Amino acid sequence: AQKVTQAQTEISVVEKEDVTLDCVYETRDTTYYLFWYKQPPSGELVFLIRRNSFDEQNEISGRYSWNFQKSTSSFNFTITASQVVDSAVYFCALSRGGTGGFKTIFGAGTRLFVKA
Amino acid sequence: DTEVTQTPKHLVMGMTNKKSLKCEQHMGHRAMYWYKQKAKKPPELMFVYSYEKLSINESVPSRFSPECPNSSLLNLHLHALQPEDSALYLCASSQTLDRGVGYTFGSGTRLTVV
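In the order they appear, the protein sequences are chains A and B. Reading the first sequence from the start, the letters are residues 1 to 116 in the working numbering. Reading the second sequence from the start, the letters are residues 1 to 114 in the working numbering.
It is worth saying that the hints were derived from the structure and are not from the lab. Be careful, since some hints might not be right.
[What the hints assert, rightly or not] Per label pair, the in silico range of CB-to-CB distance:
| no. | chain 1 | residue 1 | chain 2 | residue 2 | range |
| --- | --- | --- | --- | --- | --- |
| 1 | B | PRO83 | A | PRO41 | 21 to 27 Å |
| 2 | A | SER71 | B | GLY14 | 52 to 58 Å |
| 3 | A | PRO41 | B | THR5 | 15 to 21 Å |
| 4 | B | THR16 | A | ALA108 | 47 to 53 Å |
| 5 | A | GLU59 | B | LYS18 | 44 to 50 Å |
Please read these numbers as outputs of a predicted model, since none were measured by experiment. From the three backbone atoms N, C-alpha and C, an ideal C-beta is built for every residue, glycine too.
With the hints as extra help, turn the sequences into a complete structure.
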C-alpha cells in the first residue's frame, strides 16, 4: 500500500523554538518522490521541497531543513527558530505511479501554531 | 508569471444551480489538476489533465465535469451539487505529468452548496 503518515495532528510552540514535523511513508516503488507543502490560512499550498528516493542527502534552506532516511521510511522537516509566520498546515506528500499517470498523495497534515 | 489564478475565490450555489470554476496559468505548464479539500483534511485528487487531455479521473461523480479548452485554462463545471460537496477546490499545475515535479497551486475556490 502507498501511504503517507503524519502522526502529529497539531503542534504548538513559542516563537524561536525549533520544531520537527514527522513524516513516515510506505511504498513498494523503488523510485519515488517525496514533498513538503505549506498551506497558510490563505489556502494555497506552497511547494517547499522535493526529494527523490536515490538522494538521501539532508537539505537545508535558511531556517528549514529536511532529514530523509530510507532505512526508517521517514522524511522529517525541521524549522529552526520558528516565527509566527510559520503558522500553517504542513503536508508531506508522496508521488507514485498508477493507471493513467502519476499521482501525488498527501498525508493528513500537521497544523503548526507558533505563538509570539 | 509564476502563479495559478483561480476564480471565483468564494462561491455559494444552490443544489439546482449550474456554475463553473476557472483556473488559469501562464507558466507553460502542460499538466493541470483539480483537488478537493474538506476542512482539516488533506487535498484529494479529482482530475488530471496532460497536454489538454484527461489523464486521470478519480471516480468523481458526473455532477463535476472538467474541461481543458487550452494549455493555460482549466475549468470545472458544477451541476446539481449536494451540500457535502462544499469544500475548497484547488487547482494546480506542473511542467509535465511526471512524478518528480512539484506542483504550483492556486489559492482555491471556497464552495458552499446550500
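Hint-by-hint comparison with the structure:
Separation of PRO83/B from PRO41/A is about 24 Å and conforms to the stated range, judged on CB atoms against 21 to 27 Å. With their beta carbons about 54 Å apart, SER71/A and GLY14/B fall inside the hinted range of 52 to 58 Å. Judged by the Cβ atoms, the range 15 to 21 Å given for PRO41/A and THR5/B holds: they are separated by roughly 19 Å. A beta carbon spacing of about 34 Å between THR16/B and ALA108/A contradicts the range 47 to 53 Å that was offered as a hint.
Taking the beta carbon of each, GLU59/A and LYS18/B are about 47 Å apart, inside 44 to 50 Å as hinted.
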